[in-house]
Amino acid sequence: MEESKIITIEVKDFDEYTGPRYVTQGDSSGEEFYHRVLNENFAEAFKTDSILIVDLDNTAGFLSSFLDEAFGSLVYDFGAEEVRKRLKIVSQEEPDWVEMIMNDVVVDWEKRRKSCTQPTITVEHDAWFRLKKGKIIKHKWIEHI
Amino acid sequence: MDRAYLICQNQSGILSSSDWIALVEIFVTLVFGIIILTVVQNRFTNNRAVKDFFISECASIKTDYKVFFDQVYRNKHSAKYIQEWFKVMTLKIDSFEFTLKKEFEIYDNLSSKHGKIKKFLTSRTELNEQYREKIVKLTQGSKSELLKEHKQLTTLIAQLIVSINKAKRK
Chain A
1 MEESKIITIE VKDFDEYTGP RYVTQGDSSG EEFYHRVLNE NFAEAFKTDS
51 ILIVDLDNTA GFLSSFLDEA FGSLVYDFGA EEVRKRLKIV SQEEPDWVEM
101 IMNDVVVDWE KRRKSCTQPT ITVEHDAWFR LKKGKIIKHK WIEHI
Chain B
1 MDRAYLICQN QSGILSSSDW IALVEIFVTL VFGIIILTVV QNRFTNNRAV
51 KDFFISECAS IKTDYKVFFD QVYRNKHSAK YIQEWFKVMT LKIDSFEFTL
101 KKEFEIYDNL SSKHGKIKKF LTSRTELNEQ YREKIVKLTQ GSKSELLKEH
151 KQLTTLIAQL IVSINKAKRK
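In order, the protein sequence lines correspond to chains A and B. Letter 31 of the first sequence, counting from 1, is numbered 31 in the numbering used here, and no numbers are missing. Letter 166 of the second sequence, counting from 1, is numbered 166 in the numbering used here, and no numbers are missing.
Honestly, the hints are just simulated from the structure, not real lab data. Take these hints with a grain of salt, some might be off.
[As the list claims (entries may be wrong)] In silico lysine-lysine, DSS-like type, Cα no more than 25 Å apart, as pairs: (1) B:Lys62 to A:Lys88; (2) B:Lys119 to B:Lys62; (3) B:Lys116 to A:Lys111.
[Stated by the list, open to error] Covered stretches of chain A (in silico footprint by chain B; criterion: 3 or more residues with CB under 8 Å from a CB of chain B, positions within the stretch not fixed): (4) 60 to 73; (5) 111 to 120.
[What the hints assert, rightly or not] Non-contacting residues of chain A with respect to chain B, defined by C-beta distances greater than 12 Å in every case (computed): (6) Ile9; (7) Tyr17; (8) Arg21; (9) Glu40; (10) Val90; (11) Lys138; (12) Glu143.
Every residue gets a Cβ at the ideal spot worked out from N, C-alpha and C, and that includes glycine.
Modelling step: build the complete structure from the supplied sequences, incorporating the hints.
Pasting the structure below:
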């Protein structure tokens, strides 16, 4: 049996001091992390049939809103099934965040995805990936008003 | 005393074999008594010391939370401080629970309650909206919820102290 390839990212490489939910609320937000780091790496994991490991440790903690926005947006763009299949979140320091993301955020945002309640974009972002009918498409899915 | 008395009753002054048996029995009983007393006492003292340590840790967590809630309630902290405080407390509580469960057969909900409070407070709109500010002003609604959480946490810690007192060492 062939082992899955692994892509690892550490949130501390984005910033040791992570911020609030939206870009307009403060630096290093969940929205920014999603659009700058998470979306592209998850798309890469999808394209190369890999597992994406996200390490939450060695930061100065999180607001749950940061994690909700970042990982919730991922569920919105790729769906809960694909996220559960390809995403592994690890944390020795705050394992309760892993539990919250996989048990609450994934479930809540899958409902949101099904009801087409789009994520809020507070600034203009470059085009990003979304899974549509099994194909990965890069596009500006939501326009900033 | 009775046996010693009987031994003294031997008029010849030489101890008979039954006297020797009685003497050995007294000695053995005495030695066993001392050993059992010492072991039981030591075990009790050790258990008490370990329990006292965990109880003082509970009191420390309770005080940390009390001071923190009081200051958050009075709008004295920034969102960044709150975020970092929760990380430090998560590490402290996890380490406490890990050691507690290693020593005693106790299944508590402290870390789960802490996680719930952390999630509740760090998801508030006020913290996100005022992330750049030096202090966060919570709404009255959030403060009321916080008081409820504090009350539940205090009750949980009191129950945990009782459980530690009743618990058996592994």
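Here is what the structure says about each hint:
no., hint, result
1, B:Lys62 to A:Lys88, "violated (34 Å)"
2, B:Lys119 to B:Lys62, "holds (19 Å)"
3, B:Lys116 to A:Lys111, "holds (22 Å)"
4, 60 to 73, "holds (count 7)"
5, 111 to 120, "violated (count 0)"
6, Ile9, "holds (20 Å)"
7, Tyr17, "violated (7 Å)"
8, Arg21, "violated (5 Å)"
9, Glu40, "holds (24 Å)"
10, Val90, "holds (15 Å)"
11, Lys138, "holds (29 Å)"
12, Glu143, "holds (23 Å)"
Going down the numbered hints, you'll see the structure goes against 1, 5, 7, 8, while the others check out.
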